[in-house]
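*Asks:* Sequence:
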Amino acid sequence: MGKLQYQCAMSLDGFIAGPGGDMSWMVAHLGPNPAMDEVMNGTGALLVGRRTFGGDDPYKDTENEGEPYGGGWSGPQFVLTHHAPEAPVPGVTFVGDLAEAVATARAAAGDKYVGVLGADVARQCVEAGELDEIYVLVVPVLLGDGVRLFDHPGGMNVKLERLGLVEAPGATNLRFRVLG
Numbered sequence: 000m001g002k003l004q005y006q007c008a009m010s011l012d013g014f015i016a017g018p019g020g021d022m023s024w025m026v027a028h029l030g031p032n033p034a035m036d037e038v039m040n041g042t043g044a045l046l047v048g049r050r051t052f053g054g055d056d057p058y059k060d061t062e063n064e065g066e067p068y069g070g071g072w073s074g075p076q077f078v079l080t081h082h083a084p085e086a087p088v089p090g091v092t093f094v095g096d097l098a099e100a101v102a103t104a105r106a107a108a109g110d111k112y113v114g115v116l117g118a119d120v121a122r123q124c125v126e127a128g129e130l131d132e133i134y135v136l137v138v139p140v141l142l143g144d145g146v147r148l149f150d151h152p153g154g155m156n157v158k159l160e161r162l163g164l165v166e167a168p169g170a171t172n173l174r175f176r177v178l179g
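Sequential numbering from 0 applies to the sequence shown in numbering that gives the first Met the number 0.
Since the hints were derived computationally from the structure, they do not count as laboratory data.
Fair warning: there could be bad hints in the mix.
[What the hints assert, rightly or not] 25 Å max Cα-Cα, derived PhoX-like pairs, lysine-lysine:
#1 LYS2 x LYS111
#2 LYS158 x LYS111
#3 LYS2 x LYS158
Full structure from sequences and hints, please.
*Replies:* Take a look at the structure:
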């Protein structure tokens, strides 16, 4: 079964989205990144938080708006939510339970990664002991406010082991194993 890997871009000051979920900051930093291309090719399914699924899109007003990774990836998506839309969305399954969402996404991914998208769903996976890895592109920008990479009120000490560091134009790719 596929490993769960939190996949995101982050500002140097620790935000994956700006205030109100704004992702427009990322547009200036999107570009060729062979290491990230490998991650996308190794991803078999996505486990997405509801706010991420319905939120701001860095590809807004382009032909790739609404497409995971700007159209660079395709496959099954599982959205964790208690409020599924009435109309079905092609290629997307809405799941109300974390354990069920994780199991279904792992099965769909096969031997590939389950890409976890969204800070809240990633936090829930950490708390449940389900998150295996974190893959983060550190982008040279300071946002000052927004959605943090990891936020746990009261704090939580999660030990990580660095598995990789790759420099790319406009970003530093970091990969960690979650130890607990």
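*Asks:* Each hint needs a verdict: does it hold in this structure or not?
*Replies:* Hints, one by one, checked against the model:
1. LYS2 x LYS111: holds, 7 Å
2. LYS158 x LYS111: Distance ~24 Å between LYS158 and LYS111 Cα, so the pair holds.
3. LYS2 x LYS158: Holds, because 17 Å separates the two Cα atoms, which is no more than 25 Å.
This entry satisfies every hint, going by the numbered hints stated previously.
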